[in-house]
Amino acid sequence: DGGITQSPKYLFRKEGQNVTLSCEQNLNHDAMYWYRQDPGQGLRLIYYSQIVNDFQKGDIAEGYSVSREKKESFPLTVTSAQKNPTAFYLCASSINWEAYGYTFGSGTRLTVV
Amino acid sequence: QQQVKQSPQSLIVQKGGISIINCAYENTAFDYFPWYQQFPGKGPALLIAIRPDVSEKKEGRFTISFNKSAKQFSLHIMDSQPGDSATYFCAAMEGETSGSRLTFGEGTQLTVNP
Numbered sequence: 071d072g073g074i075t076q077s078p079k080y081l082f083r084k085e086g087q088n089v090t091l092s093c094e095q096n097l098n099h100d101a102m103y104w105y106r107q108d109p110g111q112g113l114r115l116i117y118y119s120q121i122v123n124d125f126q127k128g129d130i131a132e133g134y135s136v137s138r139e140k141k142e143s144f145p146l147t148v149t150s151a152q153k154n155p156t157a158f159y160l161c162a163s164s165i166n167w168e169a170y171g172y173t174f175g176s177g178t179r180l181t182v183v
Numbered sequence: 019q020q021q022v023k024q025s026p027q028s029l030i031v032q033k034g035g036i037s038i039i040n041c042a043y044e045n046t047a048f049d050y051f052p053w054y055q056q057f058p059g060k061g062p063a064l065l066i067a068i069r070p071d072v073s074e075k076k077e078g079r080f081t082i083s084f085n086k087s088a089k090q091f092s093l094h095i096m097d098s099q100p101g102d103s104a105t106y107f108c109a110a111m112e113g114e115t116s117g118s119r120l121t122f123g124e125g126t127q128l129t130v131n132p
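Which chain is which? The protein sequence lines are B and V, in order.
End of the first sequence = 183 in our numbering, gap-free, step of one.
End of the second sequence = 132 in our numbering, gap-free, step of one.
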């Protein structure tokens with residue numbers, strides 16, 4: 071079955087540590103996205119990538135970094151510079167950057183301890 | 019800036035009732051308006067979507083009503099069922115000029131009581 075796999079499902083991080091969230095898709099989609107979800111705030115765009123080796127900042131990119139070395143993979147690193155990293159992180163993809171349909175993964179819940 | 023405003027934040031309806039969730043947008047360049055359904059611990063899934071050239075779209079028990087002049091659109095769930103209990107997000111997207119970036123509303127937590 072084609073889809074988006076996010077791992078791990080739950081992640082705990084100590085303050086001051088960097089952590090990397092994995093996102094892999096086998097849909098052959100060109101565009102990939104990272105969203106952050108907080109209660110009462112909807113989904114906010116962190117980074118997005120339209121093609122391999124290219125990515126752009128979204129609305130809340132500070133404290134995050136990404137890479138897009140392969141079409142199927144778009145890992146997100148939450149750095150120690152992110153002041154409030156505890157949240158539910160969602161990865162999505164679409165056929166191309168002009169396509170309207172998004173497919174979302176099941177998310178990673180990150181908690182800072 | 020919040021370009022898509024969604025209300026109510028939470029909604030409780032009885033089984034068989036009609037659930038109505040409203041959204042308003044500011045950017046007149048938006049040309050695609052999807053609704054997503056999210057169950058706890060899962061990612062959102064596309065439920066139904068509309069383009070501004072039509073005023074209504076119906077798929078089963080789910081209907082989007084769109085009012086371009088008022089810059090508002092709403093989701094109606096007819097004959098609501100307990101299995102519809104989830105969080106619903108409206109969203110909007112501008113066309114090719116800025117890439118396919120979805121802007122989401124704040125979400126509505128729907129509870130359908132049996």
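Since the hints were derived computationally from the structure, they do not count as laboratory data.
Just so it is clear, the structure is predicted and the values come from calculations on it, not from any experiment.
We put the CB at the ideal spot given by N, CA and C, even for glycine.
Each hint should be verified, as a subset may be incorrect.
Stated by the list, open to error - To give an idea of the interface, some chain B residues facing chain V are shown, with a C-beta separation under 7 Å as derived from the structure: (1) Gly-110; (2) Leu-113; (3) Ala-151; (4) Leu-160; (5) Phe-174; (6) Gly-175; (7) Ser-176; (8) Gly-177.
What the hints assert, rightly or not - In silico DSS-like pairs for lysine-lysine, Cα to Cα no more than 30 Å straight-line: (9) B:Lys-127 x V:Lys-33; (10) V:Lys-60 x B:Lys-127; (11) B:Lys-127 x V:Lys-23; (12) B:Lys-79 x B:Lys-141; (13) B:Lys-153 x V:Lys-23; (14) B:Lys-141 x V:Lys-60; (15) B:Lys-127 x B:Lys-140; (16) V:Lys-23 x B:Lys-140; (17) V:Lys-60 x B:Lys-79.
What the hints assert, rightly or not - Computed far set for chain B versus chain V, every beta-carbon distance over 10 Å: (18) Asn-98; (19) Arg-114; (20) Thr-147; (21) Val-182.
task: Quick one: which hint numbers does this structure break? Sort them smallest to largest.
output: Structure breaks hints 3, 9, 16 and 19.
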